[in-house]
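Peer 1: Mind assembling these two chains? They're in different frames, but the hints should get you there.
So you can see what is in the structure, the chains are spelled out below.
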Amino acid sequence: MRELISGAMAMAYAVAGLYFLRFWRDSRDRLFLIFAVAFGMLAAQRVLLTALAGEQDAHIYPYVVRLLAFLLIVAAILDKNRPRAPSG
Amino acid sequence: MATVVYALCALTSIACAVLLLRGYASSGVRLLLWAGLCFVGLALNNVLLFVDMRVVPEVDLSAWRSLPALAGLLLLVYGLVWETR
Chain A
-19 MRELISGAMA
-9 MAYAVAGLYF
1 LRFWRDSRDR
11 LFLIFAVAFG
21 MLAAQRVLLT
31 ALAGEQDAHI
41 YPYVVRLLAF
51 LLIVAAILDK
61 NRPRAPSG
Chain B
6 MATVVYALCA
16 LTSIACAVLL
26 LRGYASSGVR
36 LLLWAGLCFV
46 GLALNNVLLF
56 VDMRVVPEVD
66 LSAWRSLPAL
76 AGLLLLVYGL
86 VWETR
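If you're matching them up, the sequences are chains A and B in order. Position 15 (the first sequence) corresponds to -5 in this note's numbering; numbering is contiguous. Numbers in this note's numbering are just positions in the second sequence, counted from 1, shifted up by 5.
Rather than coming from a laboratory, the hints here were simulated on the basis of the structure. Model, not experiment: these values are computed from the prediction. All residues carry an ideal CB built from backbone N, CA and C; glycine is no exception. A portion of the hints provided could be inaccurate.
Computed footprint of chain A on chain B, listed as stretches where at least three residues anywhere in the stretch have a Cβ under 8 Å from a Cβ of chain A [unchecked claim]:
no. : segment
1   : 7 to 14
2   : 18 to 29
3   : 69 to 78
Extracted from the complex, chain B is given alone in its bound form (with noise of 0.2 Å):
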């Protein structure tokens, strides 16, 4: 059950990444871009979440897969404060 959860989580948020960068690339919506970034950015950190629980679970890669949502998150949050109105 856990495992189907942690791979979800991977897939589904590569899933909002490629939706929104694809949404950018059509239509050229900087908001677009920033959500997009920031779901890379989770992305890794769901994928790095599967590979810390299910593939070298002897290895504690928390602190890691932390960084790269953290990233993500504030490249939202400076589009949000920046870009908008």
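Chain A with its partners taken away, still in its complex shape (with noise of 0.2 Å):
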């Protein structure tokens, strides 16, 4: 049931990176790209959590990868919020 829920949350971080990845294509927002490759780490960090669930010594590297992604997001709405210096 475990690797189940996983495998489901593996796959819904990954087709939501494509989704991302698809509206960074056709607005070339980067703040879409930045969400593709965030949820395109979370969606690793989920396969390596389930891949390394025995190995007690490597658990912690997964979350890192997933603080990091949670950091990119964070980043990436900051940035799509700043105030824009006006032009002309």
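Peer 2: So, in structure tokens, the structure goes:
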């Protein structure tokens, strides 16, 4: 059951990442590219967590990847909401 | 080190949820709502991770903490599929 949920989550992360990648392709807004990369990282860390389930020493590394993905998303949102200098 | 990582995962996922839901509140863009709700689920998952690993390590909450994350992700995928063109 645990592996089923983990696999579903990994697939959902990957699908969301692909959607964000499509949004970036259509709009060239870097927020979507960063989101795509972050969700790709989250999919990878979910797979890593399942693959390393029996290895206690390596347990922290997927969570470091997760943290980096969340930090990327926070940075992307803050970057998007940054006040822009008026042009002209 | 692990405690710091678990705590920061919880805090950053909460920050993501807050920023996205605030963005939805100010702009009304529904994708922000679905993404915000996703991160509410992920934030719950990460708070439960911290509780599971550091507060009550003798109890295995791994199955329970995955459920809010999965629910959040399903909401995001629904929003992406149904609300976007």
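Peer 1: The structure should be examined with respect to each hint, and the outcome stated for every one.
Peer 2: Here's how the hints hold up against the structure:
For the segment 7 to 14 of chain B, the stated coverage by chain A is satisfied: 5 residues place a CB nearer than 8 Å to a CB of that chain, which reaches the threshold of 3. Residues of the segment 18 to 29 of chain B lying with their CB closer than 8 Å to a CB of chain A number 6, which satisfies the three-residue condition for coverage. Figure legend: the segment 69 to 78 of chain B, annotated as covered by chain A; annotation consistent (5 residues with Cβ-Cβ distances under 8 Å, at least 3 required).
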